[in-house]
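Assemble the whole structure, with the sequences as input and the hints as a guide.
Heads up: the sequence lines are chains R and S, in that order.
Just so you know, we're using UniProt numbering here: the first sequence kicks off at 1 and counts up by one.
Just so you know, we're using UniProt numbering here: the second sequence kicks off at 1 and counts up by one.
Honestly, the hints are just simulated from the structure, not real lab data.
Computed from a predicted model, the values in this text were never measured in an experiment.
Beta carbons: idealized from backbone N, C-alpha and C, even for Gly.
Fair warning: there could be bad hints in the mix.
To be verified - Here are the in silico distance ranges between beta carbons for each label pair: (1) S:Lys9 <-> R:Arg224: 54 to 62 Å; (2) R:Ala31 <-> S:Gly309: 22 to 30 Å; (3) S:Trp258 <-> R:Gln297: 33 to 41 Å.
2 protein chains.
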Amino acid sequence: MQAPEEIAKAIQAGDRRALSRAITLVESTRADHRAQARALLRAVEMPGKPALRIGLSGTPGVGKSTFIEAFGLMLIARELRVAVLAVDPSSARSGGSILGDKTRMDLLSRAPEAYIRPSPSRSTLGGVARRTREAILLCEAAGFDVVLVETVGVGQSETMVADMTDAFLLLLAPAGGDELQGVKRGIMEIADMILVNKADGDLKSTAVRTTADYAGALRLLRKRPHDPEGYPRAKPVSATEGHGLEEAWVDLTTLLNWRQAQGIFDQRRAEQATYWFRQEIEEGLRSRFRAAPGVAQQLARLEAQVKTGDITPEDAAEQALEAFMHAKSGLA
Amino acid sequence: MQAPEEIAKAIQAGDRRALSRAITLVESTRADHRAQARALLRAVEMPGKPALRIGLSGTPGVGKSTFIEAFGLMLIARELRVAVLAVDPSSARSGGSILGDKTRMDLLSRAPEAYIRPSPSRSTLGGVARRTREAILLCEAAGFDVVLVETVGVGQSETMVADMTDAFLLLLAPAGGDELQGVKRGIMEIADMILVNKADGDLKSTAVRTTADYAGALRLLRKRPHDPEGYPRAKPVSATEGHGLEEAWVDLTTLLNWRQAQGIFDQRRAEQATYWFRQEIEEGLRSRFRAAPGVAQQLARLEAQVKTGDITPEDAAEQALEAFMHAKSGLA
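Set out below in structure tokens:
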């Protein structure tokens, strides 16, 4: 095992294999790996200029891989280095995520300025959050200018990704008529930009019309008092023809530059860190509670009584909590 | 202080003042009161036939007080005893809730078959949930056939009330055109029935049209696989003229009888109790964590470091949790 400082140096020097191994390390839930991961994260230094962390989601079949490839190559052409992380909280599903999709992003995956990391095969949402945040930090330490965090359209994971990125892109397909494709309102609400893909060929006019519908929906849905006029916004793009990608990037950086100038960018990151701190505490309390000697059996017994109404939820909770507090003092 | 068994007996015998005092007791957060409240809740016996717990919410200005008065009197005319509890999680707002609205429900509040309990003035949502659940139990023990739990339209409190009732009624006003009045989708999703009030006079045809719009929205929004065909449903009512109230009640009891026959009614209550058991544990863990000696100072220091990025959220959480686990519990 290399010293954390050495691994940190290698990552900061641009060593891809060191970065990959480090991400594998933060993905592990083994106690000794967690300790090493924490030591590594303490050792890495963040760059003076922060990477732009961009969340990205899209409905199935919208052409997300094609979009990421085209968008990534456009960024590289602008001399930006791009990391792509995938978040797939459900191990069962494979479609929609870039899990194993490196082959579908052939050009991008071979570009030396890009780094693509598929999501690991097994995971829970809680673990995914921690792992993804840590992988973002590592990519940022490795000097990438843009960290794209891609997720599948399952709702909860979008919110999670939005809570760890600086802006959120939603990629949607052209829709016939005025239907909003069953896009969850909660997801619309977190989007800083909606891009309607496939604005090419026969679908071009539909895509333009759909964009207008979404733009209208965005105006109704939300006001973010601190953002400049016209955000969140919707634009048509064509990933296959490369149209609109530069414009989307300009729009996005205009928003982020504004937020940086206003101090909102840093404030958001501080709030996100605080949020995750609290989430980690809650998760840690839960796991310590469940792991305390004797608590699990108590829980099963009490839950059965609660179900039949033999005990009130609060009485049962009191008993379980007392068992935990006594078990805890025994350990200390 | 009376023995819990005596208070329980008085409540079960229909003593209104005993019920009111008992609800005041469960509303208190004082430790000794909580202990007494728990003893009381252990002592009361639930009736063989459960009360129907009905959640109710509505947009401001929809005529909720008028509706509750008319609906309650209709139930009384059907020889049912009705308790009305109000949940107002925000102490600041007064409009919308029946807080202090007994005077606006003049006839109902004077009926011996009805019991109206305004929400207390100060509260947090967590405390409100426990208190309301316990007040529902007390009203059920007191032999009320229907317990109406009214809340204001703030989103979170509706979900909370839906998680402690057997059915949820949403009262809405007639709207011009096809706009869904900005009713939050999450609230639509928990409604078993939408009643469009003010289906009288000039607004009658608008109310009927609005009802059709909501009925369409409900069909799109949700399928509850266990419910009979046609639920959730939307109907027009006129609280001032008394139209549609009987029909709404028949619709509601048809649904609940179906659920009882299918075993879904009991299953839902068991799931709700389990849910609140888990919530109480989470809340209890949080409060014990915050109250542990030395943890509060640690938290403040760590949170400041997390904000500046000097420590990762997980490292900080680990430190705070270790402090908690090692803190000598004053209680143990």
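We went through each hint and held it up to the structure:
1. S:Lys9 <-> R:Arg224: 54 to 62 Å: Holds - the Cβ-Cβ distance for lysine 9 of chain S and arginine 224 of chain R, about 57 Å, lies within 54 to 62 Å.
2. R:Ala31 <-> S:Gly309: 22 to 30 Å: holds, 25 Å
3. S:Trp258 <-> R:Gln297: 33 to 41 Å: holds, 37 Å
Hint check: no violations occur; every hint is consistent with the structure.
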